[in-house]
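**Student:** What follows is each chain in one-letter form.
Number of protein chains: 2
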Amino acid sequence: MNVRESILLALKDRPGDWVSGEALALSLNVSRTAIWKHIKALIADGYAVDSSKKGYRLSAPADLLSPGEICPGLATNIFGRKHYLYYREIDSTNNQARRLASKGYPEGTVVVAEMQTAGRGRRGRTWYSPNGQGIYMSVILRPMLPLKEISRVSILTAVAITETFATELDLQARIKWPNDIFINGRKIAGILSEAVTDMDSIEYIVVGIGLNINNKFREFPDDFRTAATSVLAEHELPGSRVKLLQTLLLNLERHYQALLAGQFASTLEQARTLSMVIGQEVRLDTINGFIVGRAFDIDDNGYLLIRDQQGEIHTVLSGEISVLSSTISKENTLR
Amino acid sequence: MNVRESILLALKDRPGDWVSGEALALSLNVSRTAIWKHIKALIADGYAVDSSKKGYRLSAPADLLSPGEICPGLATNIFGRKHYLYYREIDSTNNQARRLASKGYPEGTVVVAEMQTAGRGRRGRTWYSPNGQGIYMSVILRPMLPLKEISRVSILTAVAITETFATELDLQARIKWPNDIFINGRKIAGILSEAVTDMDSIEYIVVGIGLNINNKFREFPDDFRTAATSVLAEHELPGSRVKLLQTLLLNLERHYQALLAGQFASTLEQARTLSMVIGQEVRLDTINGFIVGRAFDIDDNGYLLIRDQQGEIHTVLSGEISVLSSTISKENTLR
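These protein sequences, in sequence, are chains A and B. Sequence positions in the first sequence follow my numbering and run 11 to 345. Sequence positions in the second sequence follow my numbering and run 11 to 345.
Please keep in mind that the hints were generated in silico from the structure rather than gathered at the bench. Don't take each hint at face value.
Remember, identical chains collapse to one label, so a pair may be satisfied in a single copy or spanning two.
Unchecked claim - Simulated pairs of lysine-lysine, DSSO-like, Cα-Cα distance not exceeding 30 Å: (1) LYS186 x LYS158; (2) LYS22 x LYS113; (3) LYS186 x LYS47; (4) LYS50 x LYS92; (5) LYS226 x LYS158; (6) LYS113 x LYS92; (7) LYS226 x LYS63.
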């Protein structure tokens, strides 16, 4: 634990009480000026720290994804260990991670923000990212994978998210291939994977994750409100963002390391089981047009297999899936 | 023609002669200070301009890829029209084009350098880029293409390069799928395509091209010297870099616009005809290992089809091809 984390812990141990700067300096063996610098950094990170002649105190409980909250309890080996970059506000964690990756930041660099001013989803959509209501996070990966296996990274990310919801909150989420996580028919999380490649190999992938946690949907646009849900809406208690993010990073790292070790099979099997599109009649929209058919499997590379009405099999890397089955059965019922 | 191009033309019209600054200012209807600023810019671009009381003169013929040389005779509609960025020296034109693309520079932006200090080829290799001896160029593309069709861009680039050699220099080059151009068994040009993608679509591709023109191979490392060739080595006359680049940009644009218009078939047919691997026994090395077999076609998406010794067909996006046929026939002859 570094000096800043120790100061934070001392303040948290005595919520609402004053902790003298002199006592902190003595016990941590640093100058009082150093203590004051760390206090200023904690305030910049979003902590409500009062200061007076009596010392310092936390005037409000912190619910932050700052390094001081996340790093001490983080059980990963690589993800977020060396570089955990935290922002009160950023345009988009994916943008920032891409900027860092192009400067050479290594695999496992994690970018987290309390708020995104230009949060992005797939296909140029906005990802609503109000202050403190979600988890907005990106990880830099530099896998030695051929380009055709790139979808595996989205697949394992989706599995890691659903596992996290299951173990931390007892929420059964499902994967809408390739990049969305649903609970009770509404979107609770999304993935935006962006890659730089020279065709032979992948220079880096930035995997962006947005989780809806304590969203105040009243503030959201209508179409978003009816299509989305959050941990708060599905669960009695608002989720602890800190524990969720720590577990998510751990699950992500575990599945990613399995992939690199050539052990993707069990992740893929989970993805098949958790899929909400396999076995369904679907419509797939891509840049090139659309296909209607039955989604019947996800292959080893993470591609969706769809058999169209002419019996032709399409191996699909990406696209926008709409599940048609429920609509069809509803129409049947009405007849 | 802008003021700078007009000044350059006036100097070129009278090689070795002094052109008065006052006369230039009068004829172009600008101040003498403006003339002097443009002269300084021309010197920065690499022109050998003398100045004296008598005026200005070109003291040496220019062989530069500067805007003043390239743009007046450039017949493209988009490529290099709005943004033609020229550098005496840069780390790598692909690096610079990627930096510009991430800042939003549009499709058709062209980056050209006289010299690269960190010129790159595929698979992390160096591309030797000595001052003025080659063409080092990158174009930003923003095609509405699904990721699986991305190889088409490398294919059309290879075709555009071979066409340029054929029409400008009467040199018959062949394509070593996917990214190299050979003449008489030696490499004369290479392509490095780098893409940013979110799986659904391509945000941008930077297509980098390196052509060996007037290379002094004595200065090159041994292994490079035996494997590479140049226009100068294959042709009686050293190539005019200006005309070559102008024609290359025009050919590139034509094939690219055909691709976007859904007319890739004839480009692909050219690529098949020009291929030096179709019909050959090859070894393909990829991140995942290697395949030995017969390369028998390039499919619609630009993937190489290889039938291995067990009769299995591999559809290959990328990798390093070695042609084995000549070795085999040699061995047969020796037996």
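**Student:** For each hint, tell me whether it holds in the structure or not.
**Tutor:** Hints and how they fare:
1. LYS186 x LYS158: both (20 Å within a copy, 21 Å between copies)
2. LYS22 x LYS113: Close neither inside one copy (36 Å) nor across copies (43 Å); limit 30 Å.
3. LYS186 x LYS47: neither (46 Å within a copy, 60 Å between copies)
4. LYS50 x LYS92: Within. Shortest intra-copy distance 22 Å satisfies the 30 Å Cα cut-off; inter-copy 48 Å does not.
5. LYS226 x LYS158: neither (39 Å within a copy, 39 Å between copies)
6. LYS113 x LYS92: Cα proximity of LYS113 and LYS92: in one copy and across copies (16 Å, 28 Å).
7. LYS226 x LYS63: For LYS226 and LYS63, the Cα distance exceeds 30 Å both inside one copy (39 Å) and across copies (75 Å).
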